[in-house]
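S.K.: We have chain A; now place chain B onto it with these hints.
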Amino acid sequence: MLRYLTLFVAFCIPLSAHAADETELQAIHEQIRQLELRLQQAETKVAHAPEHEHSEAGANAFNPAVSLILSGTYGRIGENPDIPASGFAMSPNNHGYSRSFSLKESELGISASIDPQFSGVATIALAPEGGSSVENAFVQTTALGNGLNLKMGRYFSALGYLNEQHAHAWDFIDQPLVYRTFWDNQLSDDGLQLKWLAPTDTFVELGAELGRGRGYPGTDRQDSNGAGAETLFVHVGDDIGISSSWRAGFSLHQTHQVNAISNNVPDLAATAGGVSDSFTGDSKTSGVDFVWKYAPDGNTTVTNFKLQGEYFQRTQNGSLTYNLAAPVTDSYRVTQSGWYVQGVYQFMPNWRTGVRYDQLSSGNAEVGTTNAANVISNYAYTPTRYTLMFDYSPSEFSRLRLQLAQDKSRADLVDNQIFLQYVMSLGAHGAHQF
Amino acid sequence: MHTMLKMLAVFLLTALALPAQAALNIFACEPEWGALAQELAGDKASIYTATTALQDPHHVQARPSLIARARRAQLVVCTGAELEIGWLPLILHESANPVIAADRPGYFEAAHYVQMLEVPSRLDRADGDVHAAGNPHIQLDARNYLPIAQALAARLSELDPANAGFYSNRLQAFSQSWQAALKRWEIQAAPLRGQPVLVQHRAYPYLEAWLGLKQVAELEAKPGMEPSAAHLAQVLSQLQQQPARMVIRAAYQDEKPSEWIAQRAHINAVSLPFSVGGTAAAKDLYGLFDDTIARLLAGLK
Chain A
1 MLRYLTLFVA FCIPLSAHAA DETELQAIHE QIRQLELRLQ QAETKVAHAP
51 EHEHSEAGAN AFNPAVSLIL SGTYGRIGEN PDIPASGFAM SPNNHGYSRS
101 FSLKESELGI SASIDPQFSG VATIALAPEG GSSVENAFVQ TTALGNGLNL
151 KMGRYFSALG YLNEQHAHAW DFIDQPLVYR TFWDNQLSDD GLQLKWLAPT
201 DTFVELGAEL GRGRGYPGTD RQDSNGAGAE TLFVHVGDDI GISSSWRAGF
251 SLHQTHQVNA ISNNVPDLAA TAGGVSDSFT GDSKTSGVDF VWKYAPDGNT
301 TVTNFKLQGE YFQRTQNGSL TYNLAAPVTD SYRVTQSGWY VQGVYQFMPN
351 WRTGVRYDQL SSGNAEVGTT NAANVISNYA YTPTRYTLMF DYSPSEFSRL
401 RLQLAQDKSR ADLVDNQIFL QYVMSLGAHG AHQF
Chain B
1 MHTMLKMLAV FLLTALALPA QAALNIFACE PEWGALAQEL AGDKASIYTA
51 TTALQDPHHV QARPSLIARA RRAQLVVCTG AELEIGWLPL ILHESANPVI
101 AADRPGYFEA AHYVQMLEVP SRLDRADGDV HAAGNPHIQL DARNYLPIAQ
151 ALAARLSELD PANAGFYSNR LQAFSQSWQA ALKRWEIQAA PLRGQPVLVQ
201 HRAYPYLEAW LGLKQVAELE AKPGMEPSAA HLAQVLSQLQ QQPARMVIRA
251 AYQDEKPSEW IAQRAHINAV SLPFSVGGTA AAKDLYGLFD DTIARLLAGL
301 K
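Top to bottom, those sequences are chains A and B. Under the working numbering, the first residue of the first sequence carries the number 1, and numbering increases by one thereafter. Under the working numbering, the first residue of the second sequence carries the number 1, and numbering increases by one thereafter.
Worth double-checking, as some hints may not be accurate.
[As the list claims (entries may be wrong)] What follows is a set of in silico ranges between Cβ atoms, one per label pair, in the way DEER data are often shown:
| hint | chain 1 | residue 1 | chain 2 | residue 2 | range |
| --- | --- | --- | --- | --- | --- |
| 1 | B | Arg143 | A | Phe101 | 55 to 61 Å |
| 2 | A | Leu413 | B | Lys256 | 41 to 47 Å |
| 3 | B | Gly42 | A | Pro116 | 30 to 36 Å |
| 4 | A | Ala380 | B | Asp127 | 39 to 45 Å |
| 5 | B | Gly212 | A | Ile242 | 31 to 37 Å |
| 6 | B | Ala181 | A | Ile114 | 45 to 51 Å |
| 7 | A | Pro116 | B | Glu118 | 29 to 35 Å |
| 8 | A | Met348 | B | Ala181 | 36 to 42 Å |
Simulated from the structure, these hints should not be mistaken for laboratory data. Since the model is a prediction, treat every value here as computed from it, not as a measurement. Glycine is no exception: its CB is placed at the ideal position from the N, C-alpha and C atoms.
Only chain A is shown next, with the shape it has when bound in the complex (with noise of 0.2 Å):
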């Protein structure tokens, strides 16, 4: 194009040039040296510019990524599952298990730029039973540089390892019960994260979430115009060798407790059902985490182990309220914990293997005194959980899976489990997360 002009313009000099003196052949001769000069940076710049030339449909071209997870299982469970751990009555049971064949939630994600400062994500999860939530829905900045990244809006908290994975992306097919008993199985808020990654070549990365506090442990609190919860976190992580990778992290997360009530507590008068307590206080949670991957030369296709384990304690301060129906209101004080390990070995392309073991401890409550007859202060009981798993993976998006689990959480009940689990991605490649 650029060179068809320039012969153009050459043909049509010389037609002007009819009288051609010397001064004015010089200035013809300037110019076409003049254009060719920005003929050749011309082209010069188109070899630089690609992009532009093979229109490479990133994502469908203006059309957001869409990604659809599908998921289903069929479970065995011999004890109701709904009772919680012991000593974890006034924490979240979510446990997501159903009898029999049923389908989980179907995950539908929307991703894209929105200009060249942000980009925006959206998950909504669409229940079995009808209805829809929105599990995710931010958008973060890409243009910010020194290796910032700032969130806003609902998403999963960085804190630990697991915290921010999606379902489908689990190595079983539940969380760790430290999870869901700490975290209502994951972390979710809405407010602000913001991210900042050291300009080291050790991965070292800081970071500080500001949000509503709307997930457990936070009580969403509307009368207030602070932020509900805080969390902050630090993650390193480093190769060894060509072989093993690993990251670890710490975190902390506090957010304080507005009449968060429970049902179906224990009682030291062992009334039928339990009683209901509503709980007013700080929460105070601290985590390790660690995961060790290992691949024979890197390669995970062939053969790959992880390993994988996490620890968090928190501490609930303030006062609790005995029995809704003939309250008795005094002081409490609980330090709870909870760990899980876990590993995964891939032995042959597609076939993974793992186990894990998870174990809480619900403490030891300082109760104030007008509540020591009513309150259960100790269980004596450590819940604990034995986890198998095998799945077979055809393709990156699609996985089968059978898993056995033997969970005595709680005290006096074994439950033996078996579940079978589909989990399925169409639409855009998902990320291949470490």
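M.R.: Structure of chain B alone, referenced to chain A:
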């Protein structure tokens, strides 16, 4: 106190000044592009290669180390054509380094500068792991390095204009010696022309187009799907009508399917370096093709 402050200021200034003086920071997704950048930039660049030839470039994870290395990169050099779709976008975002964003000069995709093969006419995951932009394994046609080197040298000059003359000299030297090597390889590889071969993964259209190898079948029923016993048996029976001289796989691939078929069909299983570092002999780009051709010729025997 005053001297302390002065020392601190001097230290800070040197720390700030250092990156400006230091070499161009390059993050290469695959070893072949790291090697090419090395040929063109010499000591003017500090190059980090994210993967090795023993790793399947489709299945890399966005490891913390990769995110950390991308944080300070001034140029990422990758294949493109969706080869790195599972991990590179995540690294680009998590590294929070807009210098290497996909629309910036700090982002270089080699696949833009060559003629893509096997561009699918329909996009359906039922066809396996197909890439909308075409087969991404462009690094096995040695001729592709000439246009890519030219574009990469131009990009280096754009990012580091002070050394533009240096890069252009290196490009000239590289192009000359590469052209000489191409002649040598094409003569060496003449016996391979028209030879029927089996491939484990659909990774060799560029190599086949260059050397004239004739692909008879693939061990993967669909690209990216592990070879199944049923499909291998089918390939084996197909070989009775349509014999092949050898079965080819990349150094990072499981040797079992190739070995299984090689034993039964009485042909050679050939493991190719696939990229720089895939074998001991493939030390640089020249070694990559010297060794690839030597191994293919040995496979004929």
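S.K.: Could you tell me which of the hints above the structure violates, numbers in ascending order?
M.R.: 4
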